[in-house]
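Input sequences plus hints: build the corresponding full structure.
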Amino acid sequence: MITRRIFAGLCLAAPAAAAALKATKAAAQGSGYAPQKVVYHINYPGGEGDKAYRGAMRNIQNHINAVGAENLEVKVVLHGNGVDLLQHAQADTKLQTNVGSLKSQKVRFHVCNNTLRGRDIDFSNDLYDVWDDDIVPSGVAELSKLQMDGFTYIKP
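When you line the sequence shown up against mature numbering (1 follows the signal peptide of the UniProt record, and there is no 0), it's residues -19 to -1, 1 to 137, in that order.
Hints in this document: simulated from the structure, not taken from any laboratory.
Hints are all accurate, no fakes.
Simulated pairs of lysine-lysine, DSSO-like, Cα-Cα distance not exceeding 27 Å:
#, residue 1, residue 2
1, Lys126, Lys87
2, Lys75, Lys56
3, Lys126, Lys84
4, Lys18, Lys32
5, Lys56, Lys87
6, Lys32, Lys136
7, Lys18, Lys87
8, Lys56, Lys18
9, Lys56, Lys32
10, Lys87, Lys75
11, Lys87, Lys136
12, Lys126, Lys136
13, Lys32, Lys87
14, Lys32, Lys75
15, Lys136, Lys18
16, Lys32, Lys84
17, Lys136, Lys75
18, Lys84, Lys56
19, Lys126, Lys56
Beta-carbon label-pair distances, calculated as ranges:
#, residue 1, residue 2, range
20, Gly81, Asn106, 15 to 23 Å
21, Lys18, Trp112, 18 to 26 Å
22, Asp103, Glu51, 29 to 37 Å
23, Ser125, Gly30, 27 to 35 Å
24, Ser105, Ala15, 36 to 44 Å
25, Asn46, Thr74, 21 to 29 Å
26, Lys18, Asn106, 27 to 35 Å
27, Ser105, Ile135, 23 to 31 Å
28, Asn106, Ala15, 40 to 48 Å
Being a predicted model, the structure only gives us computed values, none of them experimental.
Quick reminder that beta carbons are idealized off the backbone N, C-alpha and C, glycines included.
In structure tokens, the structure reads:
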């Protein structure tokens, strides 16, 4: 008797589970892309008017637009000259808007502690919207770790 009830319950639950799985796949495929994990690597100067930084953030936003924020986990690793992006954002409201918009879509910015120490940067005073949990020991080591964790590497 119990076996029949279990079997009957499974028979009733199976179509619902299949429908939920199908809906999840359909949501991911609505854009034509499956869920993705990516790490963007920024270690270069922004150039005149921070054009390179603005371009990198535009690439990230375009990626989000194509795949859908719900199907994308994005991390940005900043080290060396790339840390200047958040340093320049302290005084540049357009950069602040770009960074804030990406963060509101769950993009995480990871800042290299080696760079902070080497350049004597106090992240709480010198960088825009950076917190303790945004600091990683080494930007390069973080890139390697994330790739080992299945993140696709992108250098815009």
